[in-house]
Structure formats: structure tokens, C-alpha cells
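Could you build all of it, start to finish, from the sequences and the hints given here?
Taken in sequence, the protein lines are chains G and F. One point on numbering: in my numbering, the residue at position 127 of the first sequence is 127, and numbering is uninterrupted. Every number in my numbering is 1000 more than the matching position in the second sequence, counting from 1.
No lab work stands behind these hints: they were computed from the structure. Hints are supplied without guarantee of correctness; some may be wrong.
[To be verified] What the simulated footprint calls covered on chain G by chain F, stretch by stretch (three residues with Cβ under 8 Å from a Cβ of chain F suffice, anywhere in the stretch; the number is not a length): (1) 42 to 56; (2) 122 to 128.
[To be verified] Calculated from the model, a selection of chain G residues having no Cβ within reach of chain F, i.e. all distances over 10 Å: (3) SER10; (4) ARG13; (5) ALA17; (6) ALA24; (7) TRP31; (8) PHE34; (9) GLY109; (10) ALA133; (11) VAL146.
[To be verified] No more than 20 Å apart at the CA atoms, straight line, and that leaves these computed lysine to aspartate or glutamate pairs for DMTMM-like: (12) F:LYS1684 x F:GLU1671; (13) F:LYS1456 x F:GLU1477; (14) F:LYS1263 x F:ASP1312; (15) F:LYS1456 x G:ASP56; (16) F:LYS1225 x F:ASP1322; (17) G:LYS50 x F:GLU1120; (18) G:LYS50 x F:ASP1448; (19) F:LYS1456 x F:ASP1322; (20) F:LYS1562 x F:GLU1518.
Bear in mind that the values here come from a model prediction, so they are computed numbers and not experimental data. Glycine included, C-beta positions come from ideal geometry on N, C-alpha and C.
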Amino acid sequence: MTDQTPDSDSLSRDRSAAMAVADAHLSFGWWALFVFLMLGLVLEALHAFKFGYYLDSSNETRRLMWRLAHAHGTLIALVHIAFALSLPSLLQSPSLPPSLSLASRCLYGCGVLLPLGFFLGGIFVYGGDPGLAVLLAPVGALLGAVAVFLIARASRGASS
Amino acid sequence: MSGYGFPLQLFLVAMLLVGCAALLVIRNQGESAGRNRVGWAISPVQQRSGAVLAALVLCLGGLLAWLGWIDADRRITSSVALAKEIPARRLDTPDPTSPEYASSDRCQACHPGQFASWHETYHRTMTQAAGTDSVLGRFEGQVLRARGRQYILERRGDEYWVEMADPDWERDLLDRGRRPEQVPRPPRGWKRIVMTTGSHHMQTYWVASGRDGRLFNFPWLWLVKEQRWIPREDGFIRPPGGARTFDVWHSACIECHAVAGEKTRSPAGDWMPEAAELGIACEGCHGPAEEHVRANADPLRRYQQRLSGEPDSTIVNPARLDAQSSSEVCGHCHGMNIIRANVLAQGKRFRPGGELADTRIVMRISEGARREATKSSLGGQASKHASDWEAMQHFFDRMLDQDESYLADRFWSDGMIRVSGREHNGMIESACFQGSELSCLTCHSMHDADPNDQLKASSAGDAGCLGCHPSLADNLEAHTHHPAESSGSRCNNCHMPHTVYGLMNLIRSHWIDVPSVETELATGRPNACSLCHLDRPLGWAADHLTSWYGQPRPTLSEDEEKVANGVRWLLIGDAHQRALTAWHLGWRDAQASWRSNEGWDRFFLGHLLDDPYSAVRAIAENSLDRSVEDSAGKVHTAVSEYDFLDPRARRRSLRSRVMEAWEPRRQGKTEMQAAALLIHGDGKIDLPAFDRLAASRDDTEMDLRE
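Set out below in C-alpha cells:
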């Protein structure tokens, strides 16, 4: 057993908190990746069994929305994993700065709202226009943009 | 590229960039030799996971980008885009004073389903710029000869060329009243095929004038199913040996085979055909759409419109119009109309949703139309009906002065249409249209139908009729006197038979009426009963119509009482009557009614293999093909060697072989049935009777104007 000073305790707590954030993103990322790869499998099955609800030309908007949900969901899952892996490099001190904490929350928002907006928007479509639930997508996209901006800014600080 | 291809590719590029970023991050981590700035340990497993992840992202991004690129390449190319390839044409410049057109390309984004279903139709491909996507004919190494002219066809990469007599020179001769094909050694040259017409049954081609914007027809037809060329004149019921046709696109075709087609003259006096879009595109039926597109660029308006369920005032939807107006949208092209004299001067055109009568008088020569007009004038009102009727009579008088068969080449004597493309004129004579809500859209749709005839799935079979006549559905057999599932119980077969000729085929009359022997006697148009029961005399049909429906029985001649109606019309009829009888002999629905007498049709169809009219011969050949397709033997061999464009001597020889090879089968037939088919008791053909009837063939010159 090793003795620890109060400073090293605090450092360790901060480090644990940051690690917890990274772990949560890693876990969210992999699970989201699993979910959206599954969605990909479902979409492939819809192709395989020629489901008109998905494939008919009159349902092109639904097909597009669900493909976008699948693609964005997968991409954002990867971004979560990348964030988790790169978080240690982004930290200039053991504690998680507020900007990265906000980035983390925005990234979660993006990871849920963007694919969900596309998916729900594809359930009820009006010709070439998706359902109103698609409004969630731009909100999610905005959160994603904020998160990426904050992370990019933090990475510049880290490299300097 | 249009639609969603572009944003999708941007997205894929973004994925690639993220992959690159991930790689860089992992590389940085690798450089720190297992430990980062804040002292966290990076395990080798984490490093490897990161590298694999980055590589995965890159591969996935690359694959999707490639698929996206392929997809973009396969996207629909619009006829507007193709139109730009036509040299020296101004087809994409609508008249600046006319309403604005947007083109079908811009409809796709909001109406993908409707765009796709229209894209499947032959309406879209009615007129196309010539290219590898549109040209169906074989051009490689083809030399075509007909009516004293030779045509050398060639494909040069993506272009199609023909070496032919100079069409400008030929047109000049024609304008001076001479028949160009009779002038030997014309000036010749290579002309590029710039445009195509048709894609369903046949396709024809156009070459450009060397002087102005006119497009001249390359006078050959490519038959799509048969995969062969035939001279254009042989695809129509025209007098045998008649003159070559010299069609110019802007003289008539441009009106309906393009959106907002107009023939105009340049300031220098040259003809300049103009159209908003080639083919029958979205705005052909929905009207000019620029305002609609502009208004609906606003997403708030769009969602408000979608959710309200109300019609959009910026566009016409024929499905929301009343029966007359929606039918006029189709009828302004699928009909014969007289363009009002003042229309050309005022530049006023029919627009979907408008009233056809404002710009055109729909041709009607039926007794019903005459009564309508007379009633209006007797009422003391200067009604539109009466004045239109008068204007139409003047028009007919003028046309009949120039061509005494003007009406006979277009209508049966009771006013029923005779040639295809006039379906509106037929339908408006129907009691179902005049007294009810019947419209073209009752049975047809551009978006929910088989492109073959644009017949709606929901109106398939008898559904279109039984929707308004539900009581008949409960006991169909009591009405039809035929088994419910048989072709004799199909509404259309009795009330809208195939009596209209078009494109080497027969189509339905579109005038919903009742089978009547009296009408047949008055007009010469075979009645619906006899068009199935071709092996029965007219008297037999009269007996049944009398006993089943109480129709008065007219007095008939001996031949009408005794000789099978199919045999009679085939031997004594005019070219149209022979064509429609020959067609019905190859019609599966009709063949079902003479199963026990099979084989007799081959003898009589064989007789038509030497008919003077090439279109009649072609139809007889097709019917014979169908009749012998499942059998072998001499008839089959002779038919397979036959070509309706063969020289006369060969045709006669093959005709004899077919007729001689016929083996009579009398089993199952009574003596009277056999006699109706001119078959003796010994099973041989009654040649004197056959010759007597054949000698009385109606050789009145027919020139059915499709």
C-alpha cells in the first residue's frame, strides 16, 4: 500500500473523473456503433426482401432519411470513440475543463438527436419532405458542430 | 447530378476527413511511447484499436464514396439535359411572354414517387434527343432501300448518322407539287439523327434542316418488338403504292410530343421549333410550374400545404379537377380538335385546368352532337354549342372539298373514332361521360398504372365499370349470359371493343356503347359479339341480342345470315375492316370462343398474306404467328418464312403454301357451323363461295390518319 498526499488525492480524483467521462464516451460510442450497425443490417434486409415500404420509388424520402440515420449514427458513434481515445491527449491538466465538459454533453445530444431525427423523420413522409421529427436533426447537428469546435479548440491548446 | 447525390457525397468526404483525423490522433498517441501528457497509460491494445478503427473508417468512407459516385452516375438524366445536345435547336427556350415552365428535373425533389412513376412511362420518351440512351434502332452497317431511295446508316461513337437524299431539296420539290421519290439522282449527304419519336411499339427519327430550325422525318420506322426497320408508309393503313410521307416535326408533332411546343419564326423568317421540354413531361399535364417551384422553396409553406390537405393554388392537379376538365387535359392531345382561328393570332394556348373550348372545338360528328347543337339553336340562344357546330361544319366542308374521304379516314359513319390518338373524341360520346362522372382518370393514371396502357391497377378488370354499376356485380352472368370468369363477361369486351386502328395494332373504341347488329349494318363496324365469335354469322349474333336484350332483329342478307362474320369481313371488308378482323383472329380472348373449330382461321389469315395493304398483311402475319406458335408443320414453316414486305411474287407463293397446308378439322362442328366457315361436308373449302366473296372485296382507298 502506498501513502498519498492530499494533492495527489485531488489529482487522482480529477483524473478519475476525466477517465469516467472518457469511459462513458467509449462505452456510448461502441454501443451506438453496435446499434447503428444493426440498423444497417436491418436496412440491408429490407433490400434483400424488397420491402416496398422502404424501396418503392414513392418512398425515396424514407429510404434517404433512414440511410442518413444509419450513416450519421455510425459516424457519430465513431466520433464518440475518437473523443474518448483522444481525451487524454486533450487534457492540459488532470481535471476536465468546462469547455470539454460542455463538448461532452453536446456530443451526447448530437449522438441521440441527429440519427433519431432522421429516423423518425423517415417514418411519416410527405412526398419529398420528411416528417416533422426531422427538426431534431438540425438541433443535433448544431450540438455536434459545437462539440467539434470545442474539441478542436482544446486540441490546439493541448498541442501548444 | 441532382437531388440528394451532392450532400451525400459531401457527407462521405466528411467521413474520410474524420478517419484521417482519427489516424493522426492515434499516430500522436503512438509517438508518446505508451504514455500521454497527463501521464495516462495507453495500452498497446488501445493503440492497436485506435489504428484499426481509423483504418476501418477510411475503408468504409472510401467504399461509400465510391458507391455514391456510381449512384450519382446512374441518376436519371432529364430530357432537358439531353436537349442541349441537339445542335442549333432552341428547344429549352420557352416564349418569354408565356407562363414560366420549370422542367421535370425540378419536380423530382418534392415528388420523387410521382417523378419515378412518370419516368417509367412511354409519355416521357415520346420525344428524346438522339443518343445512346434513347436510340433503339440498329444503325451499324445498315443499308435501307425503299421507294427509289437508299439510306446508309452509321453509328459514330455516341452519334447516329444517315446518308440520304437532301431533305431540304426534297421538301422544296414537294412544295412545288412534285413527288420527290420520282426524281432520280437527288443531291445526297450525311445527316445526323438529332431526335427520336416513340419508344414503345415503334420509333422514328428526325434530321435537321441545313437552312433553318425544321426537323425532317427520316422516313423509316424501327419496330421495337420485331427489332427491324420498315418504311414509314408501311406502318400505316395507307393506299398501296402511295407517295412517300414527308413529315416536318414542327408542323404537327410539336403540339403534343413536347411540353408547350410552339412553331415560331425567327426575325429572318426561319422556322424555329421551341418547347419547354421534350416528351410529355410533368408540366404537360400539370401546367407551368415555375411559380409552384418558387413558392414551395419555402419549407414552412410546404409543410403547411402538406398538412392542410388543401389543393395548392400554384399548380394544377388533374386528379382534383372535375371529370370534364381533367379529361380535357388528356383530350387536348388524345383528341381531334379544330384550333380556333383567333387563337393563333392571340397566342392563346390551352393550359391544363383551363377550358378546352376556349381555344379549340372538339370534333364531333355523332347524331348526339348534332341533336345537342340543334336543341341549343332552337332554344333561341346563340349558344356555344350551336356556333361551334356551325364552325365545325364549315371546317368539314372546307376539308371535304380538298379530300372527300376526310371524315371517313378518321371516323366511322356514326361518329365513332377510327384511328388511335383520338380517345377523347370517343369517350365524350359515351352516356357514362355525359350523364356521370366518367373521365379518363377513371381508368387511366400516369402515376399508378402499368406503362403499357397506363391502366390503373385499381380499375383493372371490371372494377372501373362496376364502381358505378355495382348491381351488375352481384349477378354478372345474368347480365352477360357468359360464365362470370370468361372473356365474354368482361365489360370492356362488349361495351368498348377493339375497333380503332393505330400503330399496326387495334385499340379499344373508348366510346362506351352496346353491341348492336343494327349499328354494324349502318356503319360497317363489326359488333362486339362477332369480334369474339368470328366463326358465327351476323344472324347468330342478331338472334342472341334479340333474345337476351330485346333488341329488334334487323333484316339481313343471305350471306349475313349464313356466313361467319369473321370470314365475311375478312373477304369483303375494306382495309380497316380486314385489319381489325385479322387482329381479332389472333386475339386470345376471341380464340377461346372457337376452340372446337381451331385451325380454320389459318386458312383465312393465309388469304390476307397477299393483301394490298402492308399494314393488313403485317397484322395477319402476327395473328398467324400466334395461331401456329405452339404447333409444327407446313403452315408453321411457311409462316416463319413469310415477311409482309416481301415482293408480291414471294408473298403469293407463301400465301398459297399456307392455304394449301391447312388441314380442315370438322370434329365438333355442326353442318351449319361448318358451312358458315365455308367448309363443305367433305371437309374441303367451298372455293366458289370463297372466290365470290373475295371478288367483292371493298377496295375503297383507305388512308387512316393517325
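Hint-by-hint comparison with the structure:
| no. | hint | result |
| --- | --- | --- |
| 1 | 42 to 56 | violated (count 1) |
| 2 | 122 to 128 | holds (count 3) |
| 3 | SER10 | holds (14 Å) |
| 4 | ARG13 | holds (14 Å) |
| 5 | ALA17 | holds (13 Å) |
| 6 | ALA24 | holds (16 Å) |
| 7 | TRP31 | holds (15 Å) |
| 8 | PHE34 | holds (14 Å) |
| 9 | GLY109 | holds (18 Å) |
| 10 | ALA133 | holds (12 Å) |
| 11 | VAL146 | holds (16 Å) |
| 12 | F:LYS1684 x F:GLU1671 | holds (13 Å) |
| 13 | F:LYS1456 x F:GLU1477 | violated (25 Å) |
| 14 | F:LYS1263 x F:ASP1312 | violated (31 Å) |
| 15 | F:LYS1456 x G:ASP56 | holds (17 Å) |
| 16 | F:LYS1225 x F:ASP1322 | violated (38 Å) |
| 17 | G:LYS50 x F:GLU1120 | holds (19 Å) |
| 18 | G:LYS50 x F:ASP1448 | holds (19 Å) |
| 19 | F:LYS1456 x F:ASP1322 | holds (18 Å) |
| 20 | F:LYS1562 x F:GLU1518 | holds (17 Å) |
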